[in-house]
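Novice: So you can see what is in the structure, the chains are spelled out below.
2 protein chains.
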Amino acid sequence: MIAVEIISIGDELLIGQTINSNAAWMGERLLEIGIHLNWVTTVGDDRDRILQALRIAESRADVILVTGGLGPTHDDITKHVLCEHYGAKLVFNQQIYDQVFERFQKRGITMAKVNADQAMVPDIAHIMPNKLGTAPGMMFRKGPKCCYVMPGVPFEMKAMMIDQVLPELKSASGSSTILVHHFMTTGVAESTLFEMLDNLPAIQQSVDVAFLPSLFGVKLRLMAKAESPAAAEKRLAEGVTRVREKVGKFIYADEDRSLEAIVAELLTHRQETVAVAESCTGGMVANMLTNIPGSSHFFNRGIVCYSNQSKIELLNVPESMILQHGAVSSAVALAMAKGMRQMAQTDYGLALTGIAGPDGGTAEKPVGLVFIACADHQGAVYERHQFANDRLGNKQRAAQAALNLLRKKILEIDHE
Amino acid sequence: MIAVEIISIGDELLIGQTINSNAAWMGERLLEIGIHLNWVTTVGDDRDRILQALRIAESRADVILVTGGLGPTHDDITKHVLCEHYGAKLVFNQQIYDQVFERFQKRGITMAKVNADQAMVPDIAHIMPNKLGTAPGMMFRKGPKCCYVMPGVPFEMKAMMIDQVLPELKSASGSSTILVHHFMTTGVAESTLFEMLDNLPAIQQSVDVAFLPSLFGVKLRLMAKAESPAAAEKRLAEGVTRVREKVGKFIYADEDRSLEAIVAELLTHRQETVAVAESCTGGMVANMLTNIPGSSHFFNRGIVCYSNQSKIELLNVPESMILQHGAVSSAVALAMAKGMRQMAQTDYGLALTGIAGPDGGTAEKPVGLVFIACADHQGAVYERHQFANDRLGNKQRAAQAALNLLRKKILEIDHE
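Residue numbers (the numbering used here), protein chains in the order written: chain D, 21 to 436; chain L, 21 to 436.
Because the hints were derived from the structure by calculation, they are not lab data. What you are looking at is a predicted structure, and each value in this text was computed from that prediction instead of being measured. Errors might be hidden in some of the hints.
Given that identical chains are not distinguished, each listed pair holds provided it fits within a single copy or across any two copies.
Lysine to any residue pairs mimicking SDA-like chemistry, simulated, CA-CA at most 25 Å apart [unchecked claim]:
| hint | residue 1 | residue 2 |
| --- | --- | --- |
| 1 | Lys254 | Leu431 |
| 2 | Lys254 | Arg264 |
| 3 | Lys151 | Gln119 |
| 4 | Lys178 | Phe236 |
| 5 | Lys126 | Ser226 |
| 6 | Lys162 | Pro149 |
| 7 | Lys126 | Lys385 |
| 8 | Lys126 | Val200 |
| 9 | Lys126 | Gln291 |
| 10 | Lys162 | Ile182 |
| 11 | Lys266 | Thr93 |
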């Protein structure tokens, strides 16, 4: 297995102006060809630090991928520092000059003088053409090790990686195959999943298992490595079977997809419709469902009934019920779901009522208490959840729980 | 100036599963207290590499900020590796145990056994409470140097940085003063702002100006550096005055705040209320407004009227008007806003109708066309926007434009 690392260069990455999405993209592409990225080092446009980063990377990696700092302005020093590190000198390259000149001519723009500097390239480097910009890529060799240098502009870097760097790395990285499978779970804590996978070491003989939690649930990533594609497939299949046996009831998708995308697919496939009545989530569930292209096929309408009056007027929740049980109660959640379904004439009515916080909680009904309910032609079910103390987190957790209740209702999974 | 660097720990960061947005956020916050971040090192959940990263960082930094790998599962090894590096041993901490236990009890969930491990903390570390999760933060000292260790979950890390780490670093970061002022603008392109600030070099003599664009608008960051607070304040005041003179009409806030927070403050202060009728944004505007704590004081209700039928039934939009002008039209937007206001008996009615895409566009009404309208006791106004071709971007741009129209209506800023 060849050891690969990334050096991302640019002041903008260190002051929060730009998020280093290049490194994430490169890591994912490397994984797909069986290379596990070891390190990403982010450093500013600073000679001494770039030199130090190169020395450290060279001491432990076979291949270094450098991005950024190849632009034409004064703060772009990457090319000069690499020449210093590799003992190269800059020479004029007529071909690059012509290419850059032609780019500007085509766009009807006079070429600024600084752009001519792009044609000055290190004498000992292999030059990689840049189809989409003016800064050429470079590849330096030092013994068995090599260093690819690419622009930081994402689409220029990506094209160079896909066309030139990845094919070379793939052929150099040997024969082993890595395969990945994702399980998406929700409504279960990371620690509970961990305990349910009680014989993890046995599972790990087939696949590496990673737990990736967020407010929306825990994503499980299974990775199988083997010398041949067939062996990797066999290992992955073993791991997938074992994990599914243990935690299958919490899995809502067999690939890296959102719960709203799964619910949308189910409804669209069955030609069924839903309407959503939200109190504490304030429109978040409707917003999530309508993020899916084509949602007008299954999403009929939503009501954000923040005031009690709106629950009474729009959903026919009896005022006496709100007075007796409170707006945050199972009775009101059920009445909202039924009222929503009836009013909108949809297959499903989904409803949420709760206390998002930070204020509005009582000893009996604390912040984070949420009732969700789902109605269909057979009746309605509800769940009671006690979430945490942060408003936005509570909204997201409640929205996700509601979508999961809808999913279970659609699939007629037994209500627990 | 103290030298600070970040070590981001997590396999998910190296395989493209998670983009390292934590480091960008931290870099920006550090800059605001006058600290220029030097390095970010990203490394997997791997003992040897984490140890190496710590040794390298320690050789060049005064302060190391570590995030990630503090979860309760087997792949979270950060705490153990730090103990090894600093020669600490784990001891049971009753207070942390009680806090974690209470978190689970409050939510009515049985605490899994692995969570008890969160109460095992390094004996020599200063423990930083985690308000929003189970993994406590830690601070190790070694001579004059120190290392803060925080969870990788963004909102947990951010709370810990704001409450505990940044105040300590600020007081340690020495004598030169950096002052920052943010202007929030919306409804104007970055390049237009740049041209309006026609004499930027003159302004830059007082302050550095950065343009930070997003789908919600362009944030302008003004930074003044000086040896004394008084001199920095003078410079900042000069820069603020000059920038405001040039682009004041696009500024909705004088600090880094969201437009919904500004609108919420205006409505709350004036004891006025709003109701929102959304078609293309599908609940996003309601969701944004109800993200603000206390929104029940000014947000009465929202309607997500995705189907034509729901526009007719819930907002009294005449069917003939939809047939004549189409659902995406200024007439329907105005009728929705008026209908919403009348139905909810609020001070303002806000409405949006448009084509979010990717499908549903025509030559006459292309994807990205959005009409927004706002009604008050005097009548209603509308705006026509032509956004781009991506669904989620269009929803966000439209929601932001609607909130800005509401802001202008509240402040009686002339409608353009």
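Novice: Each hint should be assessed against the structure and marked as holding or not.
Specialist: Results of checking the hints against the structure:
Taking CA atoms no more than 25 Å apart as the test, Lys254 paired with Leu431 passes in neither setting, with 30 Å inside one copy and 65 Å between copies. For a Cα distance limit of 25 Å, the shortest separation of Lys254 from Arg264 inside one copy, 15 Å, qualifies, whereas the shortest one across copies, 64 Å, does not. With identical chains, the CA atoms of Lys151 and Gln119 are at most 25 Å apart within one copy only, with a shortest distance of 9 Å there and 57 Å across copies. Proximity of Lys178 to Phe236 under the C-alpha cut-off of 25 Å is found in both arrangements, the shortest distances being 21 Å within a copy and 19 Å between copies.
Proximity of Lys126 and Ser226 under a CA criterion of 25 Å is satisfied in neither setting, with 52 Å inside one chain copy and 38 Å between copies. Taking the shortest alpha-carbon separations for Lys162 and Pro149, only the intra-copy value of 21 Å comes in at or below 25 Å, while the best inter-copy value is 49 Å. When the C-alpha separation of Lys126 and Lys385 is checked against a cutoff of 25 Å, the pair qualifies only between copies, where the shortest distance is 11 Å, while the shortest distance within a copy is 52 Å. With identical chains, the CA atoms of Lys126 and Val200 are never at most 25 Å apart, being 40 Å at best within one copy and 36 Å at best between copies.
For a Cα distance limit of 25 Å, the shortest separation of Lys126 from Gln291 qualifies neither inside one copy, at 35 Å, nor across copies, at 40 Å. When the C-alpha separation of Lys162 and Ile182 is checked against a cutoff of 25 Å, the pair qualifies only within one copy, where the shortest distance is 23 Å, while the shortest distance between copies is 45 Å. With identical chains, the CA atoms of Lys266 and Thr93 are at most 25 Å apart between copies only, with a shortest distance of 17 Å across copies and 54 Å within one.
Violated hints for the displayed structure, listed by number in ascending order: 1, 5, 8, 9.
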